[in-house]
Amino acid sequence: MIWVSEQHLVPFFAESLYMVPILKRTMQRLIAATLMLTMMTAAFAGCTGGDDDGLTQDDVDQAREEGRLAGIAEATPVSTLDTIMARDSLKCGVKESQWGMGFLSTDGVRSGLDIEYCKAIAAAIGLDPMTQIEWIPASSQDRFEKLASEEIDVLIRTTTWTTSRDADLNADFAGINFYDGQGILIRGDAVNNPGADSYTSSALSGANICVGTGTTTEGNLADWNTVNSVGATVVGVADAAEGTQKLVAGECDAFTGDMSAMVAKKYTLELDGTCADCQLWIAPELLSKEPLAAAVRDNDDDWKDVVEWVWFGMVTAEEMSITSDNYATADTSVPAVDRLLNSNLGLGTEANPLPDTWMQSVLDSVGNYGEAYDNSFCDGTYDGHSGSAAMTGCVLDRAGTDNALVSEGGLQFAPPMR
Amino acid sequence: MSSDSFSGRSPRPRSDFEIALLDVEVGFTGRSSEEGTDKDIVFSYLALAVGSIWFLLMFSSHYSMELSERVSSIDRLLYSLGTSFFQSFLIWILTLTIIKRTFLRTPSIALLGVGSAVAVYYIVELSLEIALLTMRWDIIWANRVLTLLGARMTEAMTQDYLPSQNWRLWPVIYLTWGLFGAAYGLSKTKTKTFSMYFLIGTLVILAYALNPEYANYNVNGARTKLLYATSIAILAFATFRYYSNISDEYMVNRVKRLILLLAVFDFIMAILIMDPPIFLQSIAAYLELIPVIGSLFSPLTEPGVPPSEWGGLFVNIIVAAAGCVLGLGVGILLAFGRQSKLPILKWPSVSIIEIVRSGPLICWLYFAMYLLPDIVDPLFSNPEDFDNIIRMMVIFSLFGGVYIAEVIRGGLQAVDSGQKEAAMALGLTPIQTKRLVELPNAIRTTLPTIVSQFIGLWKDTTLLFIINILDFFKIAKDMPNTDLSFLGYFLEPLYFSAVVFWVFAFYLSRVSIGVEKGLGLIKDGGGEKA
Amino acid sequence: MSSTIIYGISIWLLWSYCSKTLTPTIGSITDLSRSFVVNGVELNPSYIGENQVAWWASAAILMLFLLALNEFGNIINPRNLNGYATSLFGVLSVLVVQLMISILDFTPTEGLPFLIIGMPVLASYLLLLGDLPEILSIRASRGQYLRSGIPTGFFILLSLFLTSTPMVIRQNMVQLFSASIVILTIFAWVMIKSESGDPREQDRRFSALVFMISVPGVLFVTIRFLLLLNNPDTVTRERWNLDWSFMNDLNSFIINVWPVDAVFGEDTRWRFYIAAIVNSARATLLSIVLCTILGIFIGVMRLSSNKLASSMATVYVEVFRNLPLAVLLFLIATQLGETLPLFREEANLNGWLYYSNKGIWTPTTETWRLGLFLILLISVWIAFRIMGRDGVDDSNRAVLQRSGIWGATTVLGIALMIEGATTPEVVKPIPESPASWSVVESTAFEITPMFTAMVMGLTLFTASVVAEVVRGSIQSLPRGQVEAAVSLALTPYQRLRLVILPQALRSMIPLLNSQYMNVWKNSSLAIIVAYSDVFYVIFVMMNNVGKLIPLFILLLVTYQAGSLLISGFMNAYNARVTRVRI
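Protein sequences appear in the order of chains A, B and C. Quick note: numbering that gives the first Met the number 0 has the first sequence finishing at residue 417, numbered continuously throughout. Quick note: numbering that gives the first Met the number 0 has the second sequence finishing at residue 529, numbered continuously throughout. Quick note: numbering that gives the first Met the number 0 has the third sequence finishing at residue 581, numbered continuously throughout.
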């Protein structure tokens, strides 16, 4: 390096002599400023203490970095479970307008089967379901985008499991929590109700049927319209709220969507007395199968297993008649019960295994499958083990539908938990 | 008052009331065929009598009308008053036009008068009927806090398992009210005008907030706190008005600058209090140890409400304020860049301005939501820090800044070149010239247009609902579907949100006119005779 | 004291900005240029090779460098090589670097990033000194050669032999470069504030300063774009891939368009896109026409001497100017849905016009009659232009004559259309189910409720602004003009046509131009009323396909093209109006 004295410094870096005093002043100021800054930075750096419980975001980044240095551009992706535990909150993509599945009331309380499922997952991984869940509203048009861009960890929003979504959209489906079909809610004063026995799809000829854009129901409706030569007019709406408003105003003669949504809508509209002369009725046919499942991202196996087995655990608990009231005193000498309540069966990641008593936390906060269903669709008085016929006050009965347990003739089945 | 060829006899002297009455009639219905005679006054009184009789008749018939029991007596009274008044107004104008035969002398004015009166009557009748008789405003009363603060804050307030977070916003409200009073105290608004409008505004706010019907919050606590805020505002107004009366203008200007800085601080404080970042929490932990006032800071040591859970009118105000404040800065930089002669400043500025202006705002909101995080994620140590609300603030600043840049550029071009030459002669560097000579001049001439851009940004915050951010408009329009007790009240929340947005925008436009008058920019022209 | 704080904060900001942008840049450069081949298969999905990376980065920096040099004016005299020698030097050095990279071996983790980031820093240093023009014309002094040449040589040596340098330099490249940028910025700032030298020197230094500060940002954005286009994560790559082949697939949702047909299950996305553009265009055009008429009417009413009328106009303007358009559209759509009668009530105007909340059906005629009517109107207009080419007769008699002929033509045309008109016909296939009743398609022209709401909302909103523009331009006329017109005993119509309108139009047209462009851009809010315009269609496509950037670019291009069209048309009209100098 060339050492230069102040005299050489002048013509070297400054262009005229009277720069020197200015230069000196500026240099003094700068040195003072830099010293101050160093002190400030040190102070702030000291202030930012990280939390030392478990994994931090830094460790997660370090893992990624090591993977990258090993020559693979993106190492084995970090499991969402680790990210959730580092962040200390669970981000669920949910619905807010469907009573029974995902509903937000005006004092901010959420209810519904999807909400219960999400709370169960949070309880299972050790978070407080009341305060450590971030509820992110996901509309039917942007839910997959939100999932793919990692804005939500799990999408539990009455989303139908279809091939194209599984294959194309970077989503994996875990835990079918509701077996639904597509139904049509019809205004009786616009389309005469011919009665359940003489109903044919031609009754809807010429009617305006509203459907949400971007949903599977839209495609199903179009196909049904063509195949059965119904001749109905399909009107697209942005969301269920707009659809309801158009139905009540009379712009639409019918509204189609998941049957659970149609029943819930009919129930709430009749409860309130809105559209009292509408004479709402629901068509007896199901246009399609709509298995509603939770969705996680592709290639996220540990997290997907957790999401899936939380649901299966709830179903297993009801099969074994273990409820939120009696799990503490359950007979753990029975090996199956003991496995359910006191072991984590390998679920979770290496850094964040599920606690052994994860199922107990789930039962404590949400209950088993029957109790969750009861809290969402019925009056909440179910004891948790007497069977679907014992549920009272149900808007959507579970007995005799696909949503009952296998022992009752339904489809809710849990593989063995061992 | 001289003798007129119509009658040949000079009329008797008229009182002030009669002169005013005749002026009003000429303004509404045109020139009378009997102008300047006694018959004129007689006809005016006749028309007034007819109008009043009609008013009384109509009022009694409307008041005893068959209405559903829902309608309260105040509503009934207001409706009857309003409808009867405007109907009798219409009759009065018709009578005047016919009796005085104004359509013979000034046909266009007479026609316009009758037409407008008919239109006014129908519009008022329709609005009153909708507002008072058919609309059921219960859904608004029941959801006051939800529309103001969003879902999480409402949940925290009404449910026990979450601590209430409403205390976070009261310091901000106190400071805002205080700054409001101070700003008006230092301005040239007359005390009488300010007191009148402030009183009306306070009464409206109190009536809205303290209606005990459907209140899911503590009304008495709210009353106390709102009265505190009002007294802070009045106190600030009085102090600063006294100060500006006894001080020189340059001192007042210094204080004005201080108030401006405090306003920016207020905005930053709102964001920091709602969600204290880690360093603020640690500072609060230290400050807690101070003996007496330390307990004030203890709530700040907890993490607050994350921006993804903010909602309601609060979100609209924060995003609009960020757009305005940051947008002004961005706009100034882009304006100077665009009109500079250095290509390295000019071409990037031009491309930014043209690209951002080519798309509508919705486009850019979508871009900021889904594409911008891809680009800037590596800059954040924790990518989730780049929240929805922060993204919206960034894109609103950029969008607003681009339009403000165009406005300021026009202002810069209008600066007299003599000013710039004088500055150069005085030895100011180019940067100093820009900062001290050109920019103040440009802002002074373009301030009204800049304020109208702010109004535009405020109105554009309604677009946030398209990307699923729970702002005031989205909550309001979804309420009829999510509030089980008030399903089906589709129109009331829409009208309510229209009114709320309108009030803010109207207030800003009044401020803009006041600013224009203060800067002496209003000119008079001709053309009324057209 | 406060200036020290400001200096301190700015230095800290600059430092964090440099380190924050340079750290991921180095990581990305490594990712993009490291090849990891196992059994002949390239396992690094983001690999594009060192040459590509260096090429794109240098191209971006070169563009910036040429802008900073500000030698574009000198290319006008191509003979004077010295005028743009530095630019040529810049281009040449980029080519040399490319060559170097292909021949020599630069490690992806250290050598390549050092070269790519170091070059701009060196360039900014040379720019700041400003010795290059003189060095290149071999007129420099020894001091200049030394102070420019030595760091250049040092840098070249370092980059060539980076592996032999101590670890400290290699592991802290970010800090090294950030420190050099900060120091260079400080010196540049000091030199600028010294107020010495002629303005050209100051300009050069300022350009160099801006160049210096933007280097980390531009590098970050360029390399980030490269990484996004070749991202290991397929979803992100899908989002950013510039490929429009998916537009040739069948579309997956239904839209409601006229007159271009787009059938679900048969037509490609391109067709849906074109149909949506036509939809947007017709809503915009109709709104522009209606809002101009309504705006002029209200603007003139505001200036009338009838206090009632002018206050009503003021109320209208104040109300609609301050309402957000989104809220207004929603309100109109919902209110129309509630207020208009149900279809089963068969509300109609004398059998000619059926209106309901499912739509409005007007009578329709055969297309050739409509065409004939238009041709009639156009020929009358041309005839009048030809007759008036030497000067239009504005006397009362002539005006009455002309109005008479226009009136007669209109009546004739309407009679022609009515003769072949068909009224809407309601058929009731299932009499008890009102939902099945419909209007036979060929007998009526349907206006959907979405279109009505959209046009109403846009018109009401824009008319208030147009009214203000009209009032402003008429009021800004000098008072003397109108008074002179009155004193010349011109009739009101003559006053308007000959004196007020020509002058007012001059100031109105540029303002109306920007308002019309706003109407076009505001038509993107059609998503609120579920009207299938271009933004709605592309929005749903984005959510179905996930290819965000290609669709986003389509959207920007569409709106820009529309704005340019409107702007061009208005500018042409403006040129015609201002042809006569007043």
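These aren't lab readings, by the way, just hints derived from the structure by calculation. One or more hints might be untrue.
Reference excerpt, derived from the structure (chain A facing chain C, CB under 7 Å, subset only) [stated by the list, open to error]: (1) N169; (2) S204; (3) N227; (4) V229; (5) A248; (6) G249; (7) G392.
Glycine residues also receive a C-beta, built at the ideal position from the N, C-alpha and C atoms.
Results of checking the hints against the structure:
The restraint placing A:N169 at the interface with chain C holds, with a minimum CB-CB distance near 5 Å, inside the 7 Å limit. With a least beta-carbon distance of about 5 Å to chain C, the hint placing A:S204 at the interface is held under the 7 Å criterion. Nearest Cβ of chain C to the Cβ of A:N227: about 15 Å, over the 7 Å cut. The hint is violated. Of the supplied interface hints, the one on A:V229 is violated, with its beta-carbon coming no nearer than about 10 Å to a beta-carbon of chain C, more than 7 Å.
With 7 Å as the threshold, the beta carbon of A:A248 comes within range of chain C, its nearest partner Cβ sitting at about 4 Å, so the hint holds. The interface hint given for A:G249 holds, since its Cβ lies 4 Å from the closest Cβ of chain C, which is under the 7 Å cut-off. Interface restraint check: A:G392 against chain C, minimum CB-CB distance 33 Å, threshold 7 Å, status violated.
When each numbered hint is compared with the structure, violations occur for hints 3, 4, 7.
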